[in-house]
Amino acid sequence: MAGEQELQVQQKREVDRAQEPTTPMRAFLPTTDIFENEDALTVVLEMPGVDKSNIDVDIENGTLTVEGRINFDKYKDMQPTYSEYNVGPYRRSFRISNRVDQDKIKAEMRDGVMTLVLPKAEEAKPRRIEVT
Amino acid sequence: MIMRSADPFDALFAFQQALENRLSGDWFGGTTAGMGSYPPINVFQQGDDLVAIIELPGINKEELNIQSKENTIRIAGRKNIDYPEDISLHRRERLSGDFDRTLVVPMQIDPDGIKAEYNDGLLALFIPRAEQDKPRTIEIR
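Protein chains in written order, with this note's numbering: chain A, -9 to 122; chain B, 95 to 235.
Looking at chain B on its own, in the form it has when it is part of the complex:
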């Protein structure tokens, strides 16, 4: 639960703690998604649906390839860093290279309904839950 609070710093801290508590969870199970693969992913629930938010700063949208099939989502691409010529590098922390990651979502999703947005270096995948997977209220007669 995200605690509601009038103070934005309290709200932020509660959010950070909620993320911390979900660290190294096994929601994806023992799939190829595995911890430590690039890019890092956070998954949220929004109503019935899922939202995956992936940190991918400085990517060219054209170099990003997202595929979905049944409950599997593949995110592949490359991150290029171009340095100008004739420079001396003082500090080099940013990494470039290829990535390819496959997620197996542990619930039934609608693979055709997935929407992707890339803004401010974050890739957001909106993943609708399959109709037949949504919980139903069972009435007692």
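Next comes chain A alone, as it looks inside the complex:
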């Protein structure tokens, strides 16, 4: 079963830059799960090092964008000696259907994992069709 396996390191993937950014800074894609049930679409994003005051969630033109910033003050006076992963802001966008009730979106951040619950609009919920 899934629980028995040994964990592997997932290399951080860099955000694809559609437009050339003005700064050479790197941003990374959060590792993400997306699942759906009758009532809502849930997006779970791993953003280690980001606390809840440093997150932006935005929906515009059917695109959900999540950004998480790292507080670099914590690294002040620390000299890198050995490194296996890079550190930087997280950014990721998803196209979502407009059948999400945008006023009822809930976000929770815990231990570097953000859970976004996007409730479906009433008319988008599946209906049982009676055969008569």
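What the hints contain is simulated information worked out from the structure, not anything from laboratory work. Owing to the predicted nature of the structure, the values given are computational and were not obtained by experimental measurement. Some clues are possibly wrong.
Unchecked claim - Straight-line distance between alpha carbons at most 35 angstroms, and here's what the computed DSBU-like set of lysine-lysine pairs gives:
#1 155/B / 64/A
#2 110/A / 155/B
#3 209/B / 66/A
#4 64/A / 163/B
#5 155/B / 2/A
#6 42/A / 155/B
#7 2/A / 163/B
#8 228/B / 110/A
#9 209/B / 42/A
#10 209/B / 2/A
#11 163/B / 66/A
#12 228/B / 94/A
#13 42/A / 228/B
What the hints assert, rightly or not - Between beta-carbon pairs, the in silico distance windows are:
#14 71/A / 179/B: 39 to 47 angstroms
#15 66/A / 224/B: 48 to 56 angstroms
#16 200/B / 89/A: 42 to 50 angstroms
Cβ atoms here follow ideal geometry from the backbone N, Cα and C, with glycine treated the same way.
Once you have looked at the hints, place chain B on chain A.
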């Protein structure tokens, strides 16, 4: 060296480059720590001491087991992901499972003085250098 800069983006880029330059270094030598083991670790020097920052998002603190002996530190635990019932998964990138990693720090440390903190999905280990390992200034008479 981390370059000092007034611009936070420049500072961040300098920091990213400094990390990049230390990638695939052999600071841990040929020990069991080996590259590619989970969880990924960055090590920093802070004054005389070391700070290891380990990415472990979404871990239950109770499921984390950290042991130290002489200059060896072991980090073991499991990462659980619980999905609600009756869902259809569209995208599954997050991994769950067990991990067990042993680090052999290539200097003398004070194993009883190690402190651990877990915040925002990062495990920070503050590793004090052993008194006898700290550099001394030798005076010329």
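Structure-based check of each hint:
1. 155/B / 64/A: Holds: residue 155/B and residue 64/A sit about 21 angstroms apart, inside 35 angstroms.
2. 110/A / 155/B: Holds, because 34 angstroms separates the two Cα atoms, which is no more than 35 angstroms.
3. 209/B / 66/A: Status holds; Cα separation ~19 angstroms.
4. 64/A / 163/B: Status holds; Cα separation ~27 angstroms.
5. 155/B / 2/A: Within the cut-off at roughly 24 angstroms; holds.
6. 42/A / 155/B: 19 angstroms, holds
7. 2/A / 163/B: 31 angstroms, holds
8. 228/B / 110/A: With Cα atoms ~61 angstroms apart, residue 228/B and residue 110/A exceed 35 angstroms; violated.
9. 209/B / 42/A: 24 angstroms, holds
10. 209/B / 2/A: 27 angstroms, holds
11. 163/B / 66/A: 29 angstroms, holds
12. 228/B / 94/A: 57 angstroms, violated
13. 42/A / 228/B: Outside the cut-off at roughly 39 angstroms; violated.
14. 71/A / 179/B: 39 to 47 angstroms: 46 angstroms, holds
15. 66/A / 224/B: 48 to 56 angstroms: 25 angstroms, violated
16. 200/B / 89/A: 42 to 50 angstroms: 56 angstroms, violated
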